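Trainee: This is what each chain is made of:
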Amino acid sequence: MSNLALIATLLLIMAMAYHLGLTRSRAVAAEQDVRMHSRPGYYGALVALWCGLPAFGLFLLWSFLAPQLIEMLVTQQLPTELVASMSDRELTTMLRRISAVAEGRNVAGGATPEELLAANHMARLQTFELYSLVAVMAVMAVGGLVYARRHISPQWRARNHVERVITWALAASSAVAVFTTVGIVLSMLGEALKFFSFISPAEFFLGTTWNPRFSTSGADAQGEFGLLPLLWGTMMVSIIALLVAIPVGLMTAIYMAEYAPPWLRNVAKPIIEVLAGIPTIVYGFFALIVIGPFLSNLGDMIGINIRTTSALTAGLVMGIMIIPFVSSLSDDIITQVPKSLRDGALGLGATKSETIRQVVLPAALPGIVGAFLLAASRAIGETMIVVLAAGNNPVLHGNPFEAVSTITVTIVNQLTGDMDFASPQSLVAFALGLTLFVITLGLNVIALIVVRKYRQQYE
Amino acid sequence: MNTSAEPMTASPLVSVGSGESRTSKAKDKVKMSAEDVKVFYGNAQAINGIHLDIYENEVLAFIGPSGCGKSTFLRCLNRMNDTIDICRVEGKITLDKNDIYAPDRDVVLLRAQVGIVFQKPNPFPKSIYENIAYGPRLHGLARRKAELDDIVESSLRRAGLWDEVKDRLDQPGTGLSGGQQQRLCIARTVAVSPDVILMDEPCSALDPIATAKVEQLIDELSESYTIVMVTHNMQQAARVADRTAFFHLGDLVEVDSTDQIFTNPKDQRTHDYITGRFG
Amino acid sequence: MSITIEQRRQHRLMTIEKSLAKRHRQEKRFRRTGLAAVVTGMTLVAILFVSILIRGVPAFWQATIFVDVYFDPDVIQLEEKPQKVSGESQSAFEERYAAWQSQAGLVNWQALIDSALEDAIGDEVESRQLRDLRALVSSSERFALRNRFVEDPSLLGQTVELKMLASANVDVWIKGNIDRNLDDSRQQLSAQTRAWADQLYDDGIIKNAFSTALFLNTDSRSSPASAGLAGAFMGSLFMMMVVIMLSVPLGVASAIYLEEFAPKNRLTDLIEININNLAAVPSIVFGLLGASIFIGYLGLPLSAPLVGGLVLTLMTLPTIIIATRASLRSIPPSIRQAALGIGASRVQTVFHHVLPLALPGILTGSILGVAQALGETAPLLLIGMNAFVANVPGTPLEQSTALPVQIYLWQGNELRNFFEARTSAAIIVLLGLMLSLNALAIWLRKKFETRW
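Protein chains in written order, with my numbering: chain U, 1 to 459; chain C, 1001 to 1279; chain E, 2001 to 2452.
Hints are computed from structural coordinates only; laboratory data are not their basis. Quick caveat: nothing in here was measured; it's all calculated off a predicted structure. Note that CB positions come from ideal geometry on N, CA and C, so glycine has one too. Possibly wrong hints are sitting among the right ones.
As the list claims (entries may be wrong) - Straight-line C-alpha distance at most 30 angstroms; calculated DSS-like pairs for lysine-lysine:
1. K339(U) with K1029(C)
2. K1097(C) with K453(U)
3. K2018(E) with K1097(C)
4. K1029(C) with K1126(C)
5. K1092(C) with K2018(E)
6. K352(U) with K1029(C)
7. K1145(C) with K2018(E)
8. K269(U) with K2446(E)
9. K1126(C) with K2446(E)
10. K352(U) with K1092(C)
11. K339(U) with K1266(C)
12. K269(U) with K339(U)
13. K2207(E) with K1092(C)
14. K339(U) with K2028(E)
15. K453(U) with K194(U)
16. K1145(C) with K2028(E)
17. K1120(C) with K1092(C)
18. K2018(E) with K352(U)
19. K1266(C) with K352(U)
20. K352(U) with K2028(E)
21. K453(U) with K1145(C)
22. K339(U) with K2081(E)
23. K194(U) with K352(U)
24. K352(U) with K1126(C)
25. K352(U) with K1145(C)
26. K2018(E) with K2028(E)
27. K269(U) with K194(U)
28. K1266(C) with K1029(C)
29. K2446(E) with K339(U)
30. K2022(E) with K352(U)
31. K1266(C) with K1038(C)
32. K2447(E) with K1092(C)
33. K1145(C) with K2447(E)
34. K269(U) with K2028(E)
35. K352(U) with K1120(C)
36. K2081(E) with K2028(E)
To be verified - Per the computed footprint, the stretches of chain E lying under chain C, defined by three or more beta-carbons under 8 angstroms from a beta-carbon of chain C, are:
37. 2019-2025
38. 2142-2149
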């Protein structure tokens, strides 16, 4: 909470600095009877920035470094023989207990005398740290303010400086998206490499058995981590989904783009958009309580044994989920085919369907293929529907009426519950995640490039 | 390229003269006829009751300032306006005495008889061969591959494109130059052997050399086809048309032999337009 | 020549005409296929909505027992509720109060409920049937009774009409969500309890009353009848606050940079592909990112809405960037040229002219992004938000679940008969929220739609 108060105070001082800068620039203009380079607001903003930015930067750096420094000092102060006797893990636990005591909370089993002593020391250090932070920040804020305010002159190009700061801030924001990708790759690569120190990549990528025992069953009972059953399950469900979604979605898009009267288009387009936004957990539940039992009964009627939770159930519902996605993407692509091409075919005496099938669709083909690839990537990465409706049966088999398991289901299974970043049972989730990421990345990038080329063709 | 200068030698005035003889020859047979045609876009009236006869094997040009309804009227002649939802056509248009807006009239058949070439060349994203073969294939005009090959070759020859593309028939039509693309589109229309060819400002997207080639082509095609063209360019009308019709604000102001329109218009508006007072 | 041009013309027309019937049939077939696809899609969606509504809407009304409860002084043997005396320190008072409260916890509140039910049934209940009797009412009610008394000790010796939640199994029985003809061994309630439930229902003592528990309570393990969405709702609210505060400003800022300021080169091209790819990365991958970086590396707490919000922020960011860029791109360059032409700087042009015009589009995109985040489940499972949480979180750092995760947890509950309806009701609540957000977005877009 004290951090929030600190930032609030800083903002308050910045507001004051803004005002000071504003009035000062007006005064300078009046005094020297000249036109300032920038409007008064920019001088105010610049003074505020000079006041706030360095102090805020310091705050960030400090919040990152100070706790580590304090921990180090507290550890040094602990009896050396005690530290020596403990493993790293025990030391971390102890430090956590000490800091809890220092915050005035109770710890399980009560604090030992050493811990109490260290906690006192830590509390003192923390108080000192807070006061010194406030003092240094105050000096920097006031220093920046005074410096900038003095500096105000007609020649000072305040607007350009402020705008440069704004541009940099905007650029920094767009770096977040890049860092996200880097973060995904690095974190998954890191954890996956840890996993591969337990299980060789060949065993993982080529293994045909998936049987990870529990981590509690001891180091020797490592279990088998073969990716293939999961990959195959993923493929099976996705293929069923695409078999449902592509024809229905594409024909819907064609109907909407070429045949539907405007009123129907106006009504249907937002509905389709909303459908694309329905949470997948809802589709999963729908699969579980409606489609699964329905298929199972249907199977009984025609004499096939269909499980309630099966590749078919999951695939079918996933297909339903992707229909709006396929149809709105294809719709965009189809409507981008220029009218002149349609007119060309119609003018030769082609019927509407001949125009669509022989001219519009071939022209739109690259874009539509891109849309299909995006749909495939979505099907492969879909989680909740398969968690609920695929049956979690990681065995290699070719029967769509049987339960299967997928990569995403397994990630959820392996990583929920207690999170232990040291056992292969948890770490395998990251190896699976990396596999998933690479597959979908491939599909996405091809799709994006294809679609982009297609767009440029008709721009 | 050596043919490029050829049509230039035929100066506008000369072409008017040669057209006149054809006009008198063809006058006896009315190919298409419009009676009191009105066109509405929603509530706005774009064309206010046009009467016009189009004679067999003539080249008829529509001129007039932009927005005067000449393109709209042209597109009524093979019902291309059907593709625009809010467009409504009233009145009667006949082809060989048959009403083309009659309820039992088949648009597909009509468009096979009245072909159209658009302002911007719009070859299909297929090979040159497929572009030409598309129409005949659609209508089942060729039973064998050899027949189709014949149609493709003769259509390309008629469009004066054969020598330029005969070695790359399997390459995409979109890869040709603008002028070649437009001639490809004309060849595509010719391949169906329509009776009438409509051309909606066929040269407005082309450079002068390509324009000259297309004009020459129109001249040749008029031997066997009735051609109705919209043009922005009065010199072009003077060069290629037998008769010229002047449109203004949705009205057909006057129609007469090209010579007459350009030398001695009856209506003041035509006179003003031709002499460049507006347009 | 034997064949005239005219004859050839006629022959051609005949050829075309012959094929026409077939071609028009094809046309019709194609058109019908298209319509069939639309109808199929819409039907499937209608089935989805209807089946969830049919199951979920009744769950908003829950079997509730309306009985008179006598706060029997013989059972409630408690000292008077402590009042703060002058001169007493706050901590001393609190200690005294806590002692009194734990005393209150030891009172046999169940006995009050038992006798109230006995009265309602109008029959002596033998002690061996007490189990059957207690199966009628939700086990949470004795705590509710205690809380009510602690709040207002003057109830002692009075008789008050109370509405108590019937147990989940009674709710299932009364609504007919279990086959009434199943034999005893497969029924969840004993024959006696079933008989009593029917009797009370016929007497109008058990009624289906609007379930406030669904909205006001948190999840509960011991008494499923009282399980509610309040905790999950707060969790989702906190997450959405984090998402709105972070992803909207960050997304809009980076879209502005990329669209208006960034030079067009290989690097920005790469960033563009990267953003489009991120928008299509499976959501579960973001969950892995959160588990590894926020929880594993930065040591943020498990199950906290803050972490969930951060993960969802990263996930929504590309959506908002793409929507904002599209919105900025739709502003014609003439506006920018006009502003630049009278001497505005680029920053001024963007912030004074372009941004206000693009605002409706940005808003719409942001709302859709937030709605998408609201419904996301998979990544939250990986950062521990599927833990059972019995309290409404007070801050974004406390343990919590979220609405979609609560749906996931409920659908997996062993008490299928009861939770199928409860889950459907929760889905209706979630969909209601999402559809309102979507409707808001669509309305905004329609209202501010401009054609340039």
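Trainee: For every hint, state whether the structure bears it out.
Mentor: Now for the hints, and whether the structure bears them out:
no. : hint                   : verdict
1   : K339(U) with K1029(C)  : violated, 35 angstroms
2   : K1097(C) with K453(U)  : violated, 49 angstroms
3   : K2018(E) with K1097(C) : holds, 22 angstroms
4   : K1029(C) with K1126(C) : violated, 39 angstroms
5   : K1092(C) with K2018(E) : holds, 26 angstroms
6   : K352(U) with K1029(C)  : violated, 33 angstroms
7   : K1145(C) with K2018(E) : holds, 20 angstroms
8   : K269(U) with K2446(E)  : holds, 13 angstroms
9   : K1126(C) with K2446(E) : violated, 39 angstroms
10  : K352(U) with K1092(C)  : holds, 24 angstroms
11  : K339(U) with K1266(C)  : violated, 39 angstroms
12  : K269(U) with K339(U)   : holds, 20 angstroms
13  : K2207(E) with K1092(C) : violated, 73 angstroms
14  : K339(U) with K2028(E)  : holds, 22 angstroms
15  : K453(U) with K194(U)   : violated, 40 angstroms
16  : K1145(C) with K2028(E) : holds, 29 angstroms
17  : K1120(C) with K1092(C) : holds, 29 angstroms
18  : K2018(E) with K352(U)  : holds, 18 angstroms
19  : K1266(C) with K352(U)  : violated, 44 angstroms
20  : K352(U) with K2028(E)  : holds, 10 angstroms
21  : K453(U) with K1145(C)  : violated, 34 angstroms
22  : K339(U) with K2081(E)  : violated, 82 angstroms
23  : K194(U) with K352(U)   : violated, 59 angstroms
24  : K352(U) with K1126(C)  : holds, 18 angstroms
25  : K352(U) with K1145(C)  : holds, 25 angstroms
26  : K2018(E) with K2028(E) : holds, 17 angstroms
27  : K269(U) with K194(U)   : violated, 47 angstroms
28  : K1266(C) with K1029(C) : holds, 25 angstroms
29  : K2446(E) with K339(U)  : holds, 25 angstroms
30  : K2022(E) with K352(U)  : holds, 14 angstroms
31  : K1266(C) with K1038(C) : holds, 24 angstroms
32  : K2447(E) with K1092(C) : violated, 43 angstroms
33  : K1145(C) with K2447(E) : violated, 57 angstroms
34  : K269(U) with K2028(E)  : holds, 23 angstroms
35  : K352(U) with K1120(C)  : holds, 21 angstroms
36  : K2081(E) with K2028(E) : violated, 83 angstroms
37  : 2019-2025              : holds (count 4)
38  : 2142-2149              : violated (count 0)
Hints 1, 2, 4, 6, 9, 11, 13, 15, 19, 21, 22, 23, 27, 32, 33, 36, 38 from the list above are not met by this structure, while the remaining hints are.
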